[in-house]
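S.K.: These are the residues of each chain, in order.
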Amino acid sequence: MIWKIAFRNLVKNGRRSVTTALAIGVGGLAALLLGGFVTSIWYGVQTSMIQDQGNLQIYRNGYLEFGAANPEDYTIPDWSAAIALIKADEALARDITVITPRIDLAGIAGNAATGNSKTFIGQGVVAADLDRMRQWDGWGIGQPGTPTGLPADPAADKVVVGLGMARMLGVCEALAVPDCKDAPDAGAGREADPAAAEYTDLVAGDAELAGLTEQGTGLPQLNLMAATTEGVPNIIRVEIAAARAQAVRALDNAFVMLPFDQARALVFDGSPEATAIMIQLTSPDRAEAVKTRIQGLLTDAGMDLSAYHFTEVDPTFTRIFGMFAFIFAVVSAVLALVIVFTIFNTVSMTVVERVKEIGTIRAMGFRRGFVGRLFLAESALTGLFGAALALAMGIGLSRMINAAGVQWTPPSNATPLTVQLMVLENPVFALSVALFLIVIAVAAAIWPTFRASRLNIVESLQRG
Amino acid sequence: MNQHTEPANFEDRNIPLDAPHPLAAQFEAITKEYTLDKVKVRALGGISGAIVQGATTFITGPSGSGKSTFLNILGLVDRPTSGALSLFGEDVTRLSDAAAADFRSRNIGFIFQSFNLIPVLSLRENVEFPLLRHRMSARARRDRAAAYLEAVGLGGMMDRRPGEISGGQRQRVAVARALATEPRLIVADEPTANLDSRTSREIVALLARMQAEFDTTVVICTHETQLIPPQSPVIEIIDGRLA
Ligand SMILES: Nc1ncnc2c1ncn2[C@@H]1O[C@H](COP(=O)(O)OP(=O)(O)O)[C@@H](O)[C@H]1O
Ligand SMILES: [Mg+2]
Numbered sequence: 191m192i193w194k195i196a197f198r199n200l201v202k203n204g205r206r207s208v209t210t211a212l213a214i215g216v217g218g219l220a221a222l223l224l225g226g227f228v229t230s231i232w233y234g235v236q237t238s239m240i241q242d243q244g245n246l247q248i249y250r251n252g253y254l255e256f257g258a259a260n261p262e263d264y265t266i267p268d269w270s271a272a273i274a275l276i277k278a279d280e281a282l283a284r285d286i287t288v289i290t291p292r293i294d295l296a297g298i299a300g301n302a303a304t305g306n307s308k309t310f311i312g313q314g315v316v317a318a319d320l321d322r323m324r325q326w327d328g329w330g331i332g333q334p335g336t337p338t339g340l341p342a343d344p345a346a347d348k349v350v351v352g353l354g355m356a357r358m359l360g361v362c363e364a365l366a367v368p369d370c371k372d373a374p375d376a377g378a379g380r381e382a383d384p385a386a387a388e389y390t391d392l393v394a395g396d397a398e399l400a401g402l403t404e405q406g407t408g409l410p411q412l413n414l415m416a417a418t419t420e421g422v423p424n425i426i427r428v429e430i431a432a433a434r435a436q437a438v439r440a441l442d443n444a445f446v447m448l449p450f451d452q453a454r455a456l457v458f459d460g461s462p463e464a465t466a467i468m469i470q471l472t473s474p475d476r477a478e479a480v481k482t483r484i485q486g487l488l489t490d491a492g493m494d495l496s497a498y499h500f501t502e503v504d505p506t507f508t509r510i511f512g513m514f515a516f517i518f519a520v521v522s523a524v525l526a527l528v529i530v531f532t533i534f535n536t537v538s539m540t541v542v543e544r545v546k547e548i549g550t551i552r553a554m555g556f557r558r559g560f561v562g563r564l565f566l567a568e569s570a571l572t573g574l575f576g577a578a579l580a581l582a583m584g585i586g587l588s589r590m591i592n593a594a595g596v597q598w599t600p601p602s603n604a605t606p607l608t609v610q611l612m613v614l615e616n617p618v619f620a621l622s623v624a625l626f627l628i629v630i631a632v633a634a635a636i637w638p639t640f641r642a643s644r645l646n647i648v649e650s651l652q653r654g
Numbered sequence: 025m026n027q028h029t030e031p032a033n034f035e036d037r038n039i040p041l042d043a044p045h046p047l048a049a050q051f052e053a054i055t056k057e058y059t060l061d062k063v064k065v066r067a068l069g070g071i072s073g074a075i076v077q078g079a080t081t082f083i084t085g086p087s088g089s090g091k092s093t094f095l096n097i098l099g100l101v102d103r104p105t106s107g108a109l110s111l112f113g114e115d116v117t118r119l120s121d122a123a124a125a126d127f128r129s130r131n132i133g134f135i136f137q138s139f140n141l142i143p144v145l146s147l148r149e150n151v152e153f154p155l156l157r158h159r160m161s162a163r164a165r166r167d168r169a170a171a172y173l174e175a176v177g178l179g180g181m182m183d184r185r186p187g188e189i190s191g192g193q194r195q196r197v198a199v200a201r202a203l204a205t206e207p208r209l210i211v212a213d214e215p216t217a218n219l220d221s222r223t224s225r226e227i228v229a230l231l232a233r234m235q236a237e238f239d240t241t242v243v244i245c246t247h248e249t250q251l252i253p254p255q256s257p258v259i260e261i262i263d264g265r266l267a
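Keeping their order, the protein sequence lines are chains U and Z.
Under this note's numbering, the first residue of the first sequence is numbered 191, with each subsequent residue one higher.
Under this note's numbering, the first residue of the second sequence is numbered 25, with each subsequent residue one higher.
These aren't lab readings, by the way, just hints derived from the structure by calculation.
Some hints here could point you the wrong way.
Unchecked claim - Computed footprint of chain U on chain Z; a stretch qualifies when at least three of its residues, placed anywhere within it, have a C-beta under 8 Å from a C-beta of chain U: (1) 62 to 75; (2) 136 to 145; (3) 154 to 165; (4) 236 to 246.
To be verified - Here are the computed lysine-lysine pairs in the DSSO-like style, where the Cα-Cα straight-line distance is at most 30 Å: (5) U/LYS277 x Z/LYS62; (6) U/LYS308 x U/LYS371; (7) U/LYS546 x U/LYS308; (8) U/LYS308 x Z/LYS64.
Stated by the list, open to error - One-sided excerpt, in silico: chain U residues whose CB lies under 7 Å from chain Z: (9) ARG198; (10) ALA553; (11) GLY555; (12) LEU571; (13) LEU574; (14) LEU621; (15) ILE647.
Values in this document were obtained by computation on a predicted structure and should not be read as measured data.
All C-beta atoms in this analysis are idealised placements derived from N, C-alpha and C, irrespective of residue type, glycine included.
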């Protein structure tokens with residue numbers, strides 16, 4: 191009967207009920223759309239990072255803390271032994287899709303033709319493995335990773351550079367990169383940079399390099415100079431196969447991705463060292479379990495290595511998601527406040543209109559709590575309708591927005607993605623929003639309802 | 025009235041035939057003061073007396089004399105400032121809000137001047153409503169409500185809403201609602217003030233008939249003395265005191 195009365199009163203005050211439910215619905219809609227966006231970021235950014243770095247990474251103990259200062263002291267001594275150890279474990283076989291070494295390096299890169307040079311930040315990767323990693327779409331969000339652009343052969347002498355790097359080296363035109371213009375002075379040799387000057391000297395004095403003959407592929411030639419772990423300057427000559435934008439400008443301006451064996455020859459002089467081992471899993475849900483298992487294997491084997499989740503290595507995801515979660519929280523709080531005021535107002539109005547009814551019900555022998563339940567039921571129903579409205583509108587509008595193909599570039603990406611709001615794809619979230627709407631609808635009604643239930647009976651009955 | 029809806033607590037009442045005047049209410053030096061803008065208004069100045077069971081008692085007096093105040097105290101929706109009240113032998117002067125509500129739900133039915141039906145409920149649902157407070161099956165509630173609506177002559181329009189019927193009919197519904205819980209006492213505050221004189225007489229007659237048929241006690245408060253049937257017990261209040 192309580193629900194019947196509540197429902198019929200809502201129908202009776204149709205306009206007010208619709209307005210209140212709409213306020214709840216629109217508030218919920220905003221939360222759902224924003225949440226759908228945050229959800230898509232959660233999946234999208236993680237997918238990008240898993241495509242790029244794998245779910246787990248193995249480093250020499252201490253690398254994350256101290257490796258930046260002297261990376262040569264924190265390399266994995268024998269990456270192939272570690273990979274062999276992990277691959278030999280049957281329990282892990284099902285979980286691991288790709289396991290591949292990586293060498294991080296830095297040095298000076300110079301355009302062999304123009305003499306243009308600048309510092310570079312490099313990654314030596316097994317292109318075939320990394321290209322396989324970039325196809326990962328374990329959450330089925332349809333976000334394709336861009337291929338590395340490196341040849342599959344790990345010993346190939348082709349590299350890929352960042353777009354900014356290409357611009358500064360003056361190879362945009364040679365590579366025919368769209369939206370890339372060579373720096374105005376890229377053609378003229380520059381001597382201002384002391385490192386560049388040093389490089390020029392080195393190139394001039396390096397007998398081995400001098401012996402390298404110009405190859406006839408027509409691709410821009412690049413000299414990469416770095417110090418080996420022994421501190422000896424070393425230099426290789428490669429060809430720039432492509433330029434690819436990188437997400438972070440500072441990296442884009444210095445980025446060189448080179449085949450694993452080239453990087454190895456440049457900095458490790460052929461020794462079996464690597465900076466990191468990247469491990470990609472079939473399912474991200476298994477990351478913690480696999481990490482524990484791998485850590486156990488490494489420790490048991492006496493290897494001075496640690497396994498990390500990619501979020502431990504690179505805080506980007508945590509920061510991006512944290513930022514959006516914060517925005518979501520603030521927006522939700524504001525929305526909740528608006529909804530609370532609306533409902534408070536509606537319930538107060540309803541109570542005032544029905545004071546005499548309250549007096550009558552109390553006179554008939556109902557306790558205060560019953561009056562409370564009567565009005566709370568009404569508010570709960572309003573919340574329910576509002577939540578249903580929010581879900582319906584949220585699903586409809588998110589479909590429309592998704593179909594519209596709006597593009598945006600998440601902070602972790604170099605290339606734009608199509609905005610895909612994930613509303614129903616995150617049912618726990620969608621239902622939580624709906625439930626939250628009902629809860630605040632009831633909570634906002636508590637105070638006016640409490641006052642209603644404590645009205646003086648005689649005075650209520652005297653009201654006209 | 026069929027067997028099914030026969031009022032259940034006839035036996036409970038069990039009024040001994042040799043008791044000359046079993047009392048529904050006894051009240052002793054009842055006073056009531058209201059504080060309006062820091063000014064004390066004395067609505068009742070000490071009323072003592074009793075109301076007999078199994079009759080229709082009228083409370084009369086001019087407007088503002090304190091009739092409603094007294095009836096509210098009698099119906100346990102208000103408390104006297106001082107004095108003592110017992111209903112059916114039970115001292116009810118100092119009941120808590122919840123205990124008073126429980127007592128009302130079991131023992132007291134209310135009829136109001138402006139009917140006070142719940143507009144969103146059908147006539148039958150209105151009569152069922154106070155039964156929600158009682159341990160009854162939904163089915164029994166429905167049947168009970170139907171029976172009392174039948175008794176007040178509205179069996180044919182149970183599914184209508186209060187807004188769709190006349191004032192006299194509404195007050196009949198209110199009578200059925202007050203009867204439905206089978207209370208020992210029904211209090212009616214100016215039940216005819218919003219009705220024309222013919223309907224007023226009909227309602228008073230209905231109340232008297234129901235009082236007899238269901239063997240309850242009715243107290244009607246009215247300033248229209250012409251409505252009071254001869255030989256009825258009457259309590260007259262003037263300026264907060266018994267006349
Ligand atoms: N809630 C109230 N607050 C203040 N004064 C009241 C209140 N109710 C009634 N009174 C006063 O008490 C007196 C008696 O009122 P009432 O019992 O309603 O008289 P009657 O029912 O005989 O017309 C009047 O003077 C009235 O103004
Ligand atoms: Mg009155």
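S.K.: To test your reading of the hints: which numbers does this structure violate?
M.R.: 1, 4, 5, 7, 8, 12, 13, 14
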